[in-house]
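S.K.: Chains as they are written, first to last, in my numbering: chain W, 1 to 432; chain D, 1001 to 1322.
Where hints are given, some of them may not hold.
Simulated coverage check for chain D against chain W, where a stretch passes if three residues somewhere in it have a Cβ under 8 Å from a Cβ of chain W [stated by the list, open to error]:
1. 1046-1053
2. 1150-1157
3. 1227-1238
4. 1287-1293
Okay, derived cross-link-like pairs now, DSS-like style, lysine-lysine, Cα gap no bigger than 30 Å in a straight line [stated by the list, open to error]:
5. 133(W) x 57(W)
6. 96(W) x 1318(D)
7. 432(W) x 57(W)
8. 330(W) x 57(W)
9. 432(W) x 124(W)
10. 124(W) x 229(W)
11. 1035(D) x 186(W)
12. 57(W) x 385(W)
13. 224(W) x 186(W)
14. 389(W) x 362(W)
15. 124(W) x 1035(D)
16. 261(W) x 275(W)
17. 1035(D) x 132(W)
18. 103(W) x 1318(D)
19. 162(W) x 57(W)
20. 186(W) x 57(W)
21. 186(W) x 364(W)
22. 1318(D) x 162(W)
Calculated from the structure, these hints are not laboratory results. Every residue gets a Cβ at the ideal spot worked out from N, C-alpha and C, and that includes glycine.
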Amino acid sequence: MKSPFPRRAGSPVQRRIAVVALLAGLIAPLAACGGLSANDNDKSSVSETYTDLRTGKPESARDKAVLDALPESVRSTYAGFWHATRVGPNPYADWKPSQAPWKFCYSSAYQGNSWRQEGLAVAKDIVAQLDKKGLVDGPLIVSDANNNASLQATQLTTMVQKGCDVILVMQPPTVGLCKAFDAAQKAGALVVVMQTGTDCTNVVQSDFGAYDAGRTAAEWLVDKVGKTKDTIVMCDGIPGVAAAEARQAGASDTFKKAGLKVDHITGQWTPSTIKSQMLRYLSTHQGAIAGVWDGGVCAVPVTQAFQQADRDLPPVTGFEGACSWLASWKQTGSESFGFAGGAGQGVNEAFKVALRMLAGQKPKHNTLLYPLVQIDGSNVDEYYKPGMKLSSGCNAQPASGDSAPTAYYDDLFTGTGTPATFDAGLADLPVK
Amino acid sequence: MTTVDRAPIRGGRAVPYFVPAALAVLVMIAITAQKSSQFLDGGWKLVLVYASPLVLLAMAQAPVVLSGGGGLDLSVGPGAGLVSVILAAGLIAHQISVAWIVIPAAVLLGVVIGAVNGSLVALIRIPPIIATLATYLVFAGIATQVLASPTGALPVWMDWFTDVEGVVPNVVWVMLLVGGLWWLLTRTAFWRNLLMVGSNDRAAYTAGVPVTAVRFVAYVLTGAMTGVAGLVLTAVLGGADATVGPTYTMLAIAAVALGGISLAGGRGGLLGAACGAALLFLIQNYLTLTEASSFVLQMAYGLVLVVAIVINGAWDRKRKNP
């Protein structure tokens, strides 16, 4: 290969020197820029205050210390929190809420499924109710980033420019938005991240205890199958996604403790993938299957796979309480276990947190985890409705209207301000 | 920072290739400022910080496009993503987090990525779109393998890149540094060779220009800038996420076309690419301000790209047949 630099540019030695100088010119100033900081060897200072996000890793001494320091009433819900989120002090400790009316904004990472649509519908309804009380400034500002972190950051920045007082963020990416959250916080906006963990420590997080939920469903399955040498199949979600890993960690720990043999299929929260994975598993594993644990969206396609393969249907758990799962339960008559985990309840809990803070209360921590309402054989009739079909896209909501009773948060907040109230209307959501 | 290739117009005057994109950027700034009072009051700084990975990747795309022969690099997005995850999961996670190691490592990783692409295209002679599509998939796969779940633990010094307290965001200095080094390169004979190869590689070969070497070096330069973009991407994300990098590829190519760089090669420079990327990001910002859906945004990107390519093509024809 001939040199791209013609001879008239100098001798070979000179040319090499020029190339080296060019590379050094690129690297040295950049190194100098980075070297301006006096804390080059330090990890981010927030790491000293907040626990680390340690997805898929065992409990550390620090995680245990934080868990032990939590109020007894919430401790089991926070079990395994490090798989999905970070816990530390309230980043809004010095924040003073503005006076009503407030401008509410809703930033969604993605809106392209019925679960997300349901969450937005509930948010709009709550804002409309608050508006009637004179607490809202203008309509709910909504954005959909179509799973583009950069776009969502821009959307958050423009929400700040529009003067949003409260920004509810539905399932943002784990990293990528911290700078935008920081700008929102500096502008005086309250940012509440819903239904997922985030690595950002400058927001308030409202989520259910994913590890606890995975563990609880697994415990039901362990009770159901008893002592057996048959295999439990875990239907996992998307590898690496903190919410999926946390559920799986809770289940794995339970099955390990019970001494059960476990195999995995990776369904990636996609029904068609789950069904094909389960069919492939059934065709290659002729041994008895004791039960199937659902890491999300699995119950119906797994049941269909067993039916298609003409194999006996073992106990199969559900997870998010899909209407299609309830319909399948009724159709097969096979008892199951799941949660009322529709997006509506998640939005409901996030608004409860935001309104407490707007009323002057302060959360003790950045992350507020709550337990999901369980659906089992004793209460399934409260959740199943005749219009539910295998093709339904809705999800079960807590029969009482709340995942966590209002008093649950009393141990997680300080202050006595009385928050505005609303009826999330979860029972009135359409079956579709 | 760039070549001032002038297209002849009526009366014998000439317009530098990047002027239309630069004017469009100014127009978008004015429109955005009219829509949002906070945009000029510091809001633009954060917008620019978030636009910086795209701007740098568009700049990175320029050398290979300029080198002609259908030159383009589909792997710039996953390449930057791969650099990002290797920095976060390979170095920083193992306590190797000092700037004087991380920054050169980013550039060198980029150079390696560029050398792989350059070897496939210039030496093995695989068409650029196929070669870089293959490396797109390979780099994206490796990134996911290296870092299955996002991580956010970064050293404090990386906050420098996203700091907006100064007159301009610090990341602007990175762009200017890259542009400045590129400007120095345009003072060398390599730059003339690059334009000659991009305009007509046969004529360049006949004239004794080492076409293969020029194209290989163009990919290496693209890789080096991809490395810088990967570093900035890590800082902007506040961590690393293997899924983010690939989303930048198409926008970076669109930005190059939008910036007035001839996709046939031989005309353009980094300034045009940067203007094209800034324009795309400003369009995104404006549509977000108007609460347009993300699907409208996709359509807007597509329409703008078609218009840019048509104008580019017309300009090329005019240049060749004045």
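S.K.: Would you mind marking each hint as holding or not holding in the structure?
M.R.: Now the hints, each set against the structure:
1. 1046-1053: holds (count 5)
2. 1150-1157: Three-residue rule met by the segment 1150-1157 of chain D, so holds; n is 8.
3. 1227-1238: Holds: 5 residues of the segment 1227-1238 of chain D have a Cβ under 8 Å from chain W.
4. 1287-1293: It holds, with 4 qualifying residues against the three required.
5. 133(W) x 57(W): violated, 47 Å
6. 96(W) x 1318(D): violated, 62 Å
7. 432(W) x 57(W): This hinted pair is violated, its Cα atoms lying about 39 Å apart.
8. 330(W) x 57(W): violated, 38 Å
9. 432(W) x 124(W): holds, 19 Å
10. 124(W) x 229(W): The given pair, whose Cα atoms are some 50 Å apart, is violated under the 30 Å limit.
11. 1035(D) x 186(W): holds, 22 Å
12. 57(W) x 385(W): violated, 40 Å
13. 224(W) x 186(W): Roughly 51 Å between the alpha carbons, so the hint for residue 224(W) and residue 186(W) is violated.
14. 389(W) x 362(W): violated, 43 Å
15. 124(W) x 1035(D): holds, 25 Å
16. 261(W) x 275(W): holds, 22 Å
17. 1035(D) x 132(W): Measuring from Cα to Cα gives roughly 29 Å; hence the hint holds.
18. 103(W) x 1318(D): Status violated; Cα separation ~53 Å.
19. 162(W) x 57(W): violated, 41 Å
20. 186(W) x 57(W): violated, 33 Å
21. 186(W) x 364(W): Answer holds: residue 186(W) to residue 364(W) is near 20 Å, not above 30 Å.
22. 1318(D) x 162(W): At roughly 45 Å apart (the allowed maximum being 30 Å), residue 162(W) and residue 1318(D) break the hint.
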